[in-house]
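**Q** Line order of the protein sequences matches chains A and B. The first sequence: position 328 = 327 (numbering that gives the first Met the number 0), numbered continuously. The second sequence: position 281 = 280 (numbering that gives the first Met the number 0), numbered continuously.
If you are wondering where the hints come from, they were derived from the structure by calculation, not from laboratory data. Be careful, since some hints might not be right.
Unchecked claim - Footprint (simulated), chain B over chain A, 3 or more residues, beta carbon under 8 Å:
| id | stretch |
| --- | --- |
| 1 | 99-106 |
| 2 | 150-162 |
| 3 | 299-313 |
| 4 | 347-358 |
To be verified - In silico negatives: residues of chain A with every beta carbon more than 12 Å from chain B:
| id | residue |
| --- | --- |
| 5 | Ala10 |
| 6 | Ala18 |
| 7 | Pro26 |
| 8 | Ala122 |
| 9 | Lys186 |
| 10 | Ile198 |
| 11 | Lys213 |
| 12 | Ser230 |
| 13 | Asp261 |
| 14 | Gln318 |
| 15 | Ala324 |
| 16 | Glu335 |
| 17 | Gly427 |
Think of the CB as a built atom: it goes at the ideal place given N, C-alpha and C, for glycine as much as any other residue.
2 protein chains.
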Amino acid sequence: MLNPADKDFEALLLDHLPAEVLRPVEPRYAEEPRGYFKGLIGLLALPRTVEEVSTLIRCANAARVGVIPYGGGTGLVAGQVIPDGPAPMVLSLERMNAVREVYADENVLVAEAGVILADVQAAADAADRLFPLSLAAEGSARIGGNLATNAGGTGVLRYGNTRDLCLGLEAVLPDGQIWHGLTRLRKNNTGYDLRNLLIGAEGTLGVITAAAFKLFAQSEQTGTALLIVPSPRAALELLSLGRSQLGEAISAFELMNRQGFDFLTEVLPHVRQPFATPPEWCVLIELGLNGGLDAAEAMERLLVAALEAGLVTDGLIAQNAQQAADFWAVREQLPEANRIIGAVSSHDISVPLRALPDFIEAGAKRIADLGDFRINCFGHLGDGNLHYNVFPAKGKSRDAYSNQRDQVQRSVHDLVHEVGGSFSAEHGVGRLKVGELERYGDPAKLSAMRAIKAALDPRGIMNPGAVLRMGAS
Amino acid sequence: MLNPADKDFEALLLDHLPAEVLRPVEPRYAEEPRGYFKGLIGLLALPRTVEEVSTLIRCANAARVGVIPYGGGTGLVAGQVIPDGPAPMVLSLERMNAVREVYADENVLVAEAGVILADVQAAADAADRLFPLSLAAEGSARIGGNLATNAGGTGVLRYGNTRDLCLGLEAVLPDGQIWHGLTRLRKNNTGYDLRNLLIGAEGTLGVITAAAFKLFAQSEQTGTALLIVPSPRAALELLSLGRSQLGEAISAFELMNRQGFDFLTEVLPHVRQPFATPPEWCVLIELGLNGGLDAAEAMERLLVAALEAGLVTDGLIAQNAQQAADFWAVREQLPEANRIIGAVSSHDISVPLRALPDFIEAGAKRIADLGDFRINCFGHLGDGNLHYNVFPAKGKSRDAYSNQRDQVQRSVHDLVHEVGGSFSAEHGVGRLKVGELERYGDPAKLSAMRAIKAALDPRGIMNPGAVLRMGAS
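In isolation and in its complexed conformation, chain A is listed as follows (with noise of 0.2 Å):
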């Protein structure tokens, strides 16, 4: 069992460290966005080099303490909170939060973990370059929490998620070894993939204090369009359609419900809507051009082949850098509108793009079954990824749902495994997702996992209950 992290273990670190390093508690390290759980806190710790957060973490593998290592706070899986058990020390890599370099020459970045993920991609901007993770909470979210639940976004479908992104780690192993793997090679095939392991594994295996990180050339063009779409299938065609005109250019492609636009306009009537008459489906999709080409033209070809072949039936291009700016303003105002209309259950779910519109079908049948609810089922098509949120009737409050809220989660995520899609997508396991682990992860993978918890963590400290439900070590 772990112990809590108390005063006797405050005056373990303070023989080792100095004691600015620790923080009066504060609540706001305790709460997680939505509110579903409230962690417990014992110690906070502000570390500011790799070498005190190796101190901290030793000390606490000696005492047997638990630690959450802590970025930005924005994940939506409950991984930065523990709301039973001893109370942990909290370490938060907000002080190491230095862009250590970037080397345009060479296409990379190398930030510390703390480092908000906007700074980020302001640093490269800076250089002339492009740091392709993009998502929501990018103001506020630190890029060590993006690397601990690999986080994904909007920029998946040309850039990959954000384990795709990274080149190197230095981290701090749940014995305080500190790892120095800082690498920029883009090959480099010496033993096994540590930095991919602690990639994705939400704190659990270790602390990340710095990464290297790829960067991109910007695009010279970009172009962005809503187009209205007969089907979730026929969107599917059109990305297609666009792959085979344009190759990689497409750098994002969204998929809008009327369901979301009708949200918009019932809770946020000052997001100006682009069209009169909010269409069942149209996608949002956005060129990104080099080599001299231009992203009106390509836009237009794209628009006229896929008019012609029946995939789109109307369309609006964005004429100027500010339409461009308000059809994105729609999508990215989706997840607000979700939060004061209040969803009864919400999934971050991703299928294989073949089964995907029957997904969207079979699903929309299932919650009929179940009850009277809305559903915004809207999300990274090119992904596969979508955000399926069901939401009470207009008129009802969730609070009347709350009996039914474990039975419609069930029916989507049984669905979702029946087609071979993941009931995490982008967002991780948390504690919130522990049991669908157990339930829908592969036997073979969760015990190899268990395994290697056991081997890298065997005192269980880093960030207990997260991912894993390990048993009394």
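For chain A, the structure is supplied; the task is to place chain B on it using the hints.
**A** Below, chain B without anything else, positioned relative to chain A:
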């Protein structure tokens, strides 16, 4: 200690498997391309299904018999041969050679581990898609081996290493459990990244039996050129310029040195040489374009800008497919010329791009200090990956240098290490570089690797002696 794959073990296997899974041992499975190692083989197993692989591994684990997963046998670091100790079971995947499915609309292909790389490429091509992994041994290397070694090659610059192309795996873990992880999902954050742990583990953590791969749009047009550059530094600036003009469209960027052309003249005179006088340095550049871009125009534009900037002094743009093939033939015949000349020591290294020009200079000096050698330094410049091969002076034989081999290798690898590079960029560790990994590897990473190996394969049956030297368990 392990037991040999002997008659008793054969009897055990025949209790659980049909006799046709076993085959008489053939000597070719005991050989590796460079002939440094000669392997021992107790039994040869050729399973046809993942279930048969599982039974073989389960029996090997029970009997403590070592297993070598065997692909095409083309690996260059002796990962596929055990030269001493109890004779292992060689488990060749060659009968699991089906492309299970091509999902062209999803840009996904699912292949069994025994499919030859060129056949994966062909299956993608038949569906009008690109599978971009490309390397010299593609006609005989099997995709399972490519995964196990995280193979690189010429396409890494644009499309990444083998791990970057893989979406999901089916594999048998060291205890015989089957991991059904053959997902086609682009986003799936449900626990530790077992996929990337097995990729690059060189068969020491399990046997990969099938994989789902990403496909890409084929290029509408390709352009190929051989450009003479004044220096490696200019070559890197040319790459930077090309990327700012063309984004991701540069699909190959290979450096060649005068020494390579001289070797071709010396031992492969039939290879058509593009330049009357071989240049000191040149790059082979390939563009793959979509969106209606004209390859000739794009190449011309790049060449003009490069000439103006002094990054290129002269060059040849391929005017047709035959010329492009001729340019590539020069690059692709370099390894064969090297083989005939006979290297004193070959090095598959990578260094940070910024360090590369100085590395080439400093390396030449260090080698000159050791004696009279010729250096053929060429390779995947855009990845910082050089094949840095050291040869006897003209007219001398490699045997005359046999007592200097270790010194040359140490000298090169020390310099690589000093500049933050890797002693194995794309070939892996195998048995040839176990000592190098112990010497240059990060201690924290090595200790984590040992812990993972012990946790997943406590009896040490999987490819024993490769990658890590473990104590007797």
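**Q** Honestly, which of those hints from before does the structure not fit?
**A** 3, 9, 10, 11, 17
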